[in-house]
Amino acid sequence: MTTRMFGESVARVEDDRFLRGTGRYVDDLGAGALQAAVLRSPHAHARIVDIDVSAVLDVDGVHAVFTYDDLQGPMAEPLPLLIPHPALTHGRTQYALAKDEVNHVGEAIAFVVADDRYLAEDAVDKIVVTYEFLPPVVGLAAARAAERLVHDDVPGNVAARLQQHVGDAPSAIAAAPHRLSLDLDIERSASTPMEGRGVLARWDTDSARMQVWTSTQTSTGVRAAVAAKLGLDLGQVDVITPDVGGGFGVKIVHPWPEELLVPLAARVLGEPVKFIEDRREHFISAAHERAQVQHVEVGFDDDGRLLGLDVEFWHDNGAYTPYGLIVPIITSTQLLGPYKPHNYRVTFESLYTNTVIVTPYRGAGRPQGVYAMERTMDAIAAYLGKDRAEVRAANFIQPDEFPYDHHLTFQDGRPLIYDSGDYPQLLDKITALIGWDGFEAERAEAAARGRRLGIGLACYVEGTGVGPYEGAHVHVETSGKVKVAIGLTTQGQGHQTAFAQIVADELGVPFESVEVVTGDTRRMPYAVGTFASRAAVMSGSAVQLAARKTKEKALRIAAEALEASVDDLEIVEGSVRVKGAPDSSIALGTVAVLSNPLRYAFDEASGAATQFSVGDPGKPPVADGEEPGLEAREFYSPERSTFAAGMHAVVVDIDPDTAEIEIVRYAVVHDCGNLINPMIVQGQIHGGVAQGVGGALYERMEYDEFGQLLNASFMDFLMPYVTEVPDGIEIDHLETPSPLNKLGIKGAGEAGVIPSAALFASAVEDAERLTPSGLAITAMPISPSQLFELRAQHRKDPS
Amino acid sequence: MTEELHEVHLVVNGVPHDVAVPARRLLSDALRHDLGLTGTHVGCEHGVCGSCTVLLDGAPVRSCLLFAVTASGSAVTTVEGLTDADGSLGPVQQAFKDCHGLQCGFCTPGFLTTITAGLRDNPCPTHDEAREMIAGNLCRCTGYQNIVSAVERAAELIAGTGESV
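Chain order of the listed sequences is A and B. Quick note on our numbering: the first sequence kicks off at 1 and runs consecutively. Quick note on our numbering: the second sequence kicks off at 1001 and runs consecutively.
Hints were generated in silico from the structure; no laboratory data involved. Remember, it's a predicted structure, so these values are computed and weren't measured experimentally.
Chain A regions said to be covered by chain B (calculated; three or more residues, Cβ under 8 Å):
(1) 240-249
(2) 479-493
(3) 704-717
(4) 723-734
Derived lysine-lysine pairs resembling DSS-like cross-links, with alpha carbons at most 27 Å apart:
(5) K1097/B / K483/A
(6) K1097/B / K481/A
(7) K386/A / K340/A
Partial list, derived from the structure: chain A residues whose beta carbon lies under 7 Å from chain B:
(8) D15
(9) L19
(10) G21
For each residue, glycine too, the CB sits at the ideal point set by N, CA and C.
Please model the complete structure; the sequences and the hints are all you need to start from.
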């Protein structure tokens, strides 16, 4: 019997090439291609009076320079607003190259193509732009004050205002026995993959075909954008996503200006052209996330049970809104976590600032929502003098209440209905794992040594596996090898391994014979993309359906060849055989030969097939309803998202003098339904936790009042090294299968990062309980110097 | 004006190469684009992330901070040179595979070269020394947990005490 692969920590098939240095990332392709560099605005807000490129034109090695005036047709129009929403009344997007005005430092103004990147950068330096300066709007306070506008035609800097409610929160709060209000702040961070953006394009004049390789989270999206903007038929454009050095959300944005300008230049010049951004460019011209200011009003009873919750927040969307309102909508809905607010109202404004655009970064609005809710839970517990875990437990949706309908609309436009979960059990597991109950003794013991310990807890629910669909194509070659193609792209999640596990099980073939290709529109032209922790759920399910359909076809053909009933057949180790009579068998490769009534024989499998006879001589060789080939294509399209959940806990040790925050231990309990490959899921959690630590304690985008990003380098933007992350992460899983897909899986990719800001705020606040009323942590991330200042402030004014 | 070129002699993974490059060409670019050894990756171009780490006469260096001309006459080991003579994965590479020490793989070559040099200098690191050994390299995917395990596993493999998996 073949060993079941689903659920096993199978070593990754991707690793070998990465370890040998033979992975193929976009900058490893296109040897000898011309290279591009971009002139980017040095100013946050300015009108472009003149661009003088004359000094560039005669430079040796320069092939072309483009400014807005060189763009025509759809290329001269603003970039697409990818996800419109009725509430996004003032959506604005940039041009591929700035027209008349720039709205953030880093906005693309001119595009130079040269023999190599060195020469292209030389040429960029020779372009002279005359600017008329405009006052910049930096930060949410300035955006809300609206004394200056980012876009002249957007009053109040308000891109969108959206309200959702269930019940009557204001009345419920007014009538509640206890009330609290909180003002909270969370700053910008960013995906910051180790590989930045990059794109290579080759225009084949002979076949009038455009091939684009790009470091993206959506091949199909880029393909449609390139076709539309360059006036090509979709069938003329191939987009291939090679190995990608991390995404974390930022690479779902498309088309980046360079994803259009590179193909345009390749077509104009008739030569391959490549653009590889450098690190500074990634900081100032890709995307950021997180920044919000929040106001919470809450009413609750003596047990800390929520009676009404009224949240208003202001979301900094940067200079443009290409990705619509996805991030603030997720904040506004996922804020609810595992809790029942009974009466809930949420209102947000999405505001323009003269800074880099804000689009999803791992977690995509959830970290902010969880921060608002968990800070509220902690505040209620502090107010009532209750245990923080107890207050949370009092508000949980109970296991017998699923499916649980929040009566709100989620980011995918579908009802916010949780499919399954068991939050009380998660809480039991996390408190046991971190040692919640015995912590006071530990704290006292540490205090005796002059150390200041704190413990934190944070809970979240994550909508994963959003639609609309993903597809898979499974093809059994006559060699017996199984070639699988999915449309969404991969950035290190081990999709080639996990999906091969599913196919091996479903089809009954050895894992080693399955090869998975991702993100190549030549192989699977219909796909959405890799975001919202959706790949395992969506593509995993599609792969399973396609493998099952392929198996059904194999069994039909084999039944005829073996003169047996389909019900009596099984596929084991790549051979179809009669159950109980393993000698009566036929290799899948041979079935593949029989599936294709071809006149010519090429290989051994074709020879082997001659002993079998299939098909009715009285009917056409390809029967009605059949197609040649042992292959199948299937799509998975769920009714709605599936909701994963988890809880994190941390113990911190804070220096009483320097306020340095050290992590003593970190625990995660996670429920993403059935696990395809526990090793990969655990790796995703490790990585998420590290990013979360960065976001909570170190990373922030430091803009000055002029809109200059002061820390646009790895020297100054403090991403965690190993020295900043916990030494060991305790992980426990709960598996409540999703009823929405046959594999019972939920997404896992983003989970690790979601509760971090809330978690560390909780732990730091707990450690800093200087007085009974306590020092409140209301702004994250928090650095030692900020905590030091807070302490000083608190000593002066303990209220 | 065409840039002046300089002859550079490098022995990369035991293979001698002569290339003519401008004075400002980075060693990382020379390796990747002139010699076609694209296993060395460039993550920041300012020497912080460590992705581009190669061994220069045995010592780990950031190839994005060196000009190719300054490395002339040196022996360079890149990730492509870490496999065993028979083509199988070297011990550090194998340890990364055993421990799931990589995800997207972009930073991995810099870790592999760094650890190769680190274990040569300190073949039996303590847990804290294993962490210290990788403390100059950035990874955005793994959270480092399994990379630390991989350092410890590689030490076992090199010492011949590692059980095969």
